[in-house]
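Engineer: As a plain string of letters, each chain reads:
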Amino acid sequence: MSLTAAMEAVSTPSMFAPVSTPAFAIRDLSFLVLAVVTFIFVVVAGVTLYAIVRYRRRPGEDGRDPPQVYGSTQIELAWTVVPFLIVIVLFLTTTRYIFAIERHAAPADAVEVTVVGNQWWWEIRYPRLGIVTANELHVPVSDDARPTPTFITLESADVIHSFWIPQVAGKTDVIPGKTNRTWIEPRTPGTYVGQCAEFCGLQHAGMLLTVIVHPKNEFDRWVAAQQATAVDLPEARAGREVFTSVACISCHTVRGTFANGVFGPDLTHLMSRATLGAGMARNTRENLRAWVSDPAALKPGARMPAMKLSDDQLDRLVAYLVTLR
Amino acid sequence: MSIIAPPVATPGTLVERAGLVTRLHEWVVTVDHKRLGIMYVVSGLVFFLIAGLEASVMRWQLTSAGSTIVSPQVFNRLFTVHGTTMVFLVGVPIVFGFANYLVPLMIGARDLAFPRLNAFGFWVFLFGGLLLYFSFLGGDGLYGAGSAPDVGWFAYAPLTGRAFSPGNSTDYWNLSILVTGFGTVATSINLIATTLTMRCRGMSLGRMPLYVWMMLVVAGMTVMALPPLSAAQIMLLLDRFLGAHFFDTQAGGSAVMWQHFFWFFGHPEVYILMVPGFAMISEIIPVFSRKVIFGYPMIVAASLAIGFLSMTVWAHHMFSVGMGAPLNAAFAASTMLIAVPTGIKIFNWVATMYGGRIRFATPMLFACAFLFQFLCAGLTGVTLAVVPFNWQLTDSYFVVAHFHFVLVGALIFTVFGAIYYWFPKATGRLLSERLGRWHFWLFVVGFNLTFLPMHWAGMLGMPRRIYTYPADRGWDFWNLLATLGVPFQAAAILIFLVNVVISLRRGERAGNDPWDAWTLEWATASPPPAYNFETEPVVASRRPLWDLKHPDDPDGPHE
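Going down the list, the sequences are from chains A and B.
For the first sequence, this note's numbering gives the first residue as 1, with consecutive numbering after it.
For the second sequence, this note's numbering gives the first residue as 1, with consecutive numbering after it.
I should point out that these hints are in silico values taken from the structure, not numbers from a laboratory.
In this text, a Cβ means the ideal position worked out from N, Cα and C, and glycines have one as well.
Take these hints with a grain of salt, some might be off.
Stated by the list, open to error - Sample of chain B residues lacking proximity to chain A, with all beta carbon distances greater than 12 Å (derived):
| id | residue |
| --- | --- |
| 1 | W27 |
| 2 | M235 |
| 3 | L484 |
Unchecked claim - Stretch-level coverage of chain B by chain A, calculated; a stretch enters the list once three of its residues show a Cβ under 8 Å from a Cβ in chain A:
| id | region |
| --- | --- |
| 4 | 184 to 198 |
| 5 | 321 to 330 |
| 6 | 378 to 392 |
| 7 | 473 to 479 |
Please build the complete structure, drawing on both the sequences and the hints.
Structural biologist: Given below as structure tokens:
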């Protein structure tokens, strides 16, 4: 995996640098709209400025009032009808794009993903592939020869969140009690960042999300690696003992062990992920130790409690966790 | 020909000045619409200062990536209370305060129809405002001192449920806004009754000043839009205290229903705040351009159209909740449509200035800045109505920029213009023009420096309501610019306050009609006596004072 290298290349999540079909369409539409409103701004602001400069009171003028003009039906009709026509054009264009994006049907090769918003992290499930991970959405690149868009089902475990990675698609809210759908079809491999866009409580700002777009064969390798159960290295047994004997397993799953908690992120392949705490820190051994020791120090308000482990327990636990690749 | 009541001497010069306690007592027990109006505006300005301080702390925090000036919890409280304050405790009391003061004077009435209801409205509003701020002290029953609400000013369910918002912080938000809402509805009913029944002789509906017309529309919108919010807030109260499940998603309640209720209030609310700005501008621009308003009937029609259409656009705040393509398209249509009557007004104001002899006194400076900034706000509003683009822009800093252009760049600018315009009427003294120009230019520079860059931050992917952001996002520069605007705005407000204090004591005497204006309030003394007019005025046109000043060319035949 070259995730860490990819993470360093992260750039601004600009909606004007799209890499995926709905975002391409939105950019094209936005250029049209911005051109129209800029034109209107220039014309109206220009006329206003002209009126202000041309009709300012000059020194030396007599104090008499100018001719009083009460209105003009023709002129007023004109500036009612013209904006109305512009609105009709904008509306029809908008509607075409709305239906094109919302009513796009999933092809047979589409990847199905379920993203579950939690305070304050993302669970990413691939129901057809039997994979559960967190905070990183891995998808294959799509091309014309074999389109492989990813269709995303959005659910929330608690409050409203919003799924937003500007370079791949606009946002779709993640609402408890309501299942939403969105889709992406990235055309360029790479790593694209986004984050929760609906205020969801204390750590709304700490709910980052990444999409990693793989070439097709690389995606297949990633799937195979994620489908494997957790490794069981003899030298990490002591740490696993700690993991399974304290409360970690009430919330976390490690496939291949009897840890099957569902409240927190699945840790089966913890070290394949680039960050901890949904983007709060890079996933290094030191940060992992600090995180397990006191999550709130890295992410104030994080739902994971400090487990009050001894230094020795921490050492052994971290030695185990870093084997979960 | 119109007959205007002769000016009367200021009563203050005749009676001996009473003691401080007596005078304070008079303000507390007053039912005079002018005193209540002034108290509304002054309370609104005090809350404006507080909300401005809250915003400054947020800007300080966001200046650079990863700063830790305030904790996430404090930041969330700051933007919640800032937003709630600006909408409910600054915008609403100031626009209704002006209406309180001006509507009876402009229609030649002695007071509002229900003076005691009016006093009730004010005191209920003030109580609600103080209740909100008491949360900083009260919170979880004092030992958890400082648990102000932290759920955002639109308080989306189910974040406001007991499960996610324990303690009392959300209840402070809920109850204080519920209470101020009662006051606002009462005042609106009062304004409608007054306007419909208490106009002086000769003042048909078609001769009312545009200010009065627009405030009638605003009062109508308020009566329609506020009760649904109150209803939703009562449901939230039942959820939180009696275990109801209206918005409790874990028991089958609906999170989206809260959004529909809230925005059914929330979007008309934008126009409830903005149309009074149009109303003030429609009085200021003609007087300082020395021309009659261009197309009075069209502006009235456009205001009514805005009033009706504003009830049909609420779900444009919800394009990303998954309403489905047909509903999204329908709300895009209504939202774009409302741009048409709004545009008509801008064209009419510019046409009024065209061919005039524009005098750039401070009220007119604010009016001119309003025209450009509101144009910008309106056009970003149209942009946001383009649903697919909205999916990118909603809940980003672009939206923050957009609504601050509406509510500060347009509304607050007109309010300052209105204060410079009507201050002489209310106090008898003019505000200093020199300080006024300093106030204006610093505020224009500061406002644009703060809020223009936010458009870019939003388009570069910065969501709103985040207490910090990673360093690699490329948002630092735009946030730094935004923060640099703060000292300019703060200096402007400081100069304004100094101006008020100095001018109250030593300002130039205004006389009845310092701006050579045309509506009835300028026909009586400054400040007007308690009874407003010695005899009931009689009007024959939309500009009774024009008729008086130009007996050779009265307005009547032109209307």
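Engineer: Indicate, hint by hint, whether the structure satisfies it.
Structural biologist: Hints and how they fare:
1. W27: It holds; W27 (chain B) is separated from chain A by about 40 Å at its closest Cβ, greater than 12 Å.
2. M235: 16 Å, holds
3. L484: 21 Å, holds
4. 184 to 198: violated (count 0)
5. 321 to 330: holds (count 6)
6. 378 to 392: The restraint on the region 378 to 392 of chain B holds, since 12 of its residues have a Cβ under 8 Å from chain A and three suffice.
7. 473 to 479: Three-residue rule met by the region 473 to 479 of chain B, so holds; n is 3.
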